[in-house]
Every structure is written in structure tokens, then in C-alpha cells.
Amino acid sequence: MCSSDLFGKFTIIEDQIAPETSKPFFRKDDFTGKSTLVIPVVEELSGLASYQCYKNRKWQCVEYHSLDGELLLNPTGSNQQGKYRLNIILQDKAGNIRKSKFKIINTNPVD
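Using numbering that gives the first Met the number 0, the first residue of the sequence shown is number 0, and each one after it goes up by one.
Hint data in this document are derived by calculation from the structure and do not stem from the laboratory.
Do not rely on the hints blindly, as some may be mistaken.
Cross-link-like lysine to any residue pairs, in silico, SDA-like; alpha carbons within 20 Å at most [as the list claims (entries may be wrong)]:
no., residue 1, residue 2
1, K98, Y83
2, K92, H64
3, K27, V61
4, K22, G68
5, K82, S21
6, K22, P39
7, K92, A48
8, K98, H64
9, K82, R56
10, K98, Y50
11, K33, E19
12, K33, Q80
13, K100, F24
14, K22, F9
15, K92, K33
16, K92, S34
17, K92, R56
18, K54, K82
19, K100, L44
20, K92, K54
21, K92, S49
22, K22, Q51
23, K102, Y50
24, K102, I88
25, K102, G81
26, K22, N73
27, K98, S49
28, K100, S49
Computed spacing ranges between beta-carbons, pair by pair [said to hold, decoys possible]:
no., residue 1, residue 2, range
29, N86, L5, 47 to 55 Å
30, Y83, G7, 47 to 55 Å
31, I96, D67, 20 to 28 Å
32, K92, G32, 33 to 41 Å
33, R56, I16, 25 to 33 Å
34, L44, K22, 41 to 49 Å
35, H64, G7, 12 to 20 Å
36, K92, R56, 24 to 32 Å
37, K82, I11, 41 to 49 Å
Model, not experiment: these values are computed from the prediction.
Glycine included, C-beta positions come from ideal geometry on N, C-alpha and C.
Kindly produce the complete structure, drawing on both the sequences and the hints.
See the structure below:
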């Protein structure tokens, strides 16, 4: 804890924690009616600087919704029956990187 007559008491925190992901899940999109793959993301300190998604080693377009803490894989990229591998790379504004791998099995795509 530090103190100053001009600024009062303050604490300095260094972000050394990489962003985290948890188990992806499918959700039916209210607007399109198609199935969207949702990847929950937690980044509480410096904020998310970049994100990349690869499906079977091929780059995929994803959207990041910061208020919900979710990456959304568009329906054309996620709405396919079968198995595939998903690699997610997250980097926060402090430079911490997290690489996550998931095996996705979609047995019931929603069209």
C-alpha cells in the first residue's frame, strides 16, 4: 500500500494472469435461428487485446462480446455435424497469452 498527500492511498497491481476460457457450448441464435458455438472468456484486469480461433487448423471468424464475456463462432463455422478440433488463442493488454484446445462434437446441428 502506498500513500501520498496529493492522491490519497492507492495500490498498484500488475496483471500477470492470462485470459481464461471454459467449455464451449451451442446456443440457438434468436435472430437467425441457427446454432452458434459460444466460448466463454474471462479477462478481469487489463482487458482482451486479441483473439484467434482455428477449427481443424483453419482460421475462423469469431465475434467477441465483451459485456457477456463470450466469443461467438458464426453459424457457418459451427453449424456442421461431426467432430472437429478448436484452438483458441487469447492475449490480454498486458501481454499474457492463453492457448486452449477443445474437441467439439456436434451431433445435432440446428438449421
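Taking the hints in turn, this is what the structure says about them:
Of the supplied pair hints, the one linking K98 and Y83 holds, its CA atoms being roughly 17 Å apart against a limit of 20 Å. Proposed proximity of K92 and H64 is supported: the alpha carbons are some 16 Å apart, at most 20 Å. Between K27 and V61 the alpha-carbon distance is near 16 Å, which keeps this suggested pair within the 20 Å criterion. Among the hinted pairs, K22 with G68 is consistent with the structure: their alpha-carbon atoms are about 13 Å apart, no more than 20 Å.
At roughly 18 Å between alpha-carbon atoms, K82 and S21 fall within 20 Å of each other, so this suggested pair holds. Taken as a hint, the K22 and P39 pair is honoured in the structure, with Cα atoms around 7 Å apart against an allowance of 20 Å. Taken as a hint, the K92 and A48 pair is honoured in the structure, with Cα atoms around 5 Å apart against an allowance of 20 Å. Between the alpha carbons of K98 and H64 the distance comes to roughly 19 Å, so the proposed pair stays at or under 20 Å and holds.
Simply put, K82 and R56 have alpha-carbon atoms about 13 Å apart, close enough for the 20 Å limit, and the pair holds. Taken as a hint, the K98 and Y50 pair is honoured in the structure, with Cα atoms around 10 Å apart against an allowance of 20 Å. Of the supplied pair hints, the one linking K33 and E19 is violated, its CA atoms being roughly 26 Å apart against a limit of 20 Å. At most 20 Å may separate the alpha-carbon atoms for a hinted pair to count; K33 and Q80 meet this at roughly 13 Å.
The hinted pair formed by K100 and F24 meets the criterion: a straight-line CA distance of about 14 Å does not exceed 20 Å. With a C-alpha separation of about 37 Å, the suggested pairing of K22 with F9 is violated against the 20 Å cut-off. For the proposed pair K92 and K33, the alpha carbon gap of about 33 Å is over 20 Å, so the pair is violated. Only pairs whose Cα atoms come within 20 Å are accepted, and K92 paired with S34 is rejected, the gap being roughly 31 Å.
For the proposed pair K92 and R56, the alpha carbon gap of about 25 Å is over 20 Å, so the pair is violated. Distance check on the hinted pair: K54 and K82 sit about 10 Å apart at the alpha-carbon level, within 20 Å; holds. Taken as a hint, the K100 and L44 pair is broken in the structure, with Cα atoms around 23 Å apart against an allowance of 20 Å. Proximity of K92 to K54 is assessed by CA-CA distance (about 25 Å); at most 20 Å being required, the pair is judged violated.
Annotation: proposed proximity of K92 to S49 holds, straight-line Cα distance about 8 Å (limit 20 Å). This hinted pair checks out: K22 and Q51 have alpha carbons roughly 16 Å apart, not beyond 20 Å. Note on K102 and Y50: the hinted pairing holds, with a Cα-Cα distance of about 18 Å set against a maximum of 20 Å. With a CA separation close to 15 Å, the supplied pair K102 and I88 stays within the 20 Å bound.
Between K102 and G81 the alpha-carbon distance is near 11 Å, which keeps this suggested pair within the 20 Å criterion. Of the supplied pair hints, the one linking K22 and N73 holds, its CA atoms being roughly 17 Å apart against a limit of 20 Å. Proximity of K98 to S49 is assessed by CA-CA distance (about 12 Å); at most 20 Å being required, the pair is judged to hold. Between K100 and S49 the CA atoms are separated by roughly 17 Å; this keeps the pair inside 20 Å, and the hint holds.
Restraint check, N86 to L5: a C-beta distance of roughly 48 Å satisfies the suggested window 47 to 55 Å. For the pair Y83 and G7, the beta carbons lie near 53 Å from each other, so the given range of 47 to 55 Å is met. Checked against the hint of 20 to 28 Å, the C-beta distance between I96 and D67 comes to roughly 22 Å, which is consistent with it. Against the hinted window of 33 to 41 Å, the Cβ-Cβ separation of K92 and G32 comes to about 36 Å, which satisfies the hint.
Roughly 28 Å separates the CB atoms of R56 and I16, a value that falls within the hinted 25 to 33 Å. Here the CB-CB span from L44 to K22 is close to 23 Å, at odds with the stated 41 to 49 Å. For H64 paired with G7, a C-beta distance near 35 Å fails the hint of 12 to 20 Å. Between K92 and R56, the C-beta spacing of about 27 Å keeps the proposed range 24 to 32 Å intact.
Roughly 47 Å separates the CB atoms of K82 and I11, a value that falls within the hinted 41 to 49 Å.
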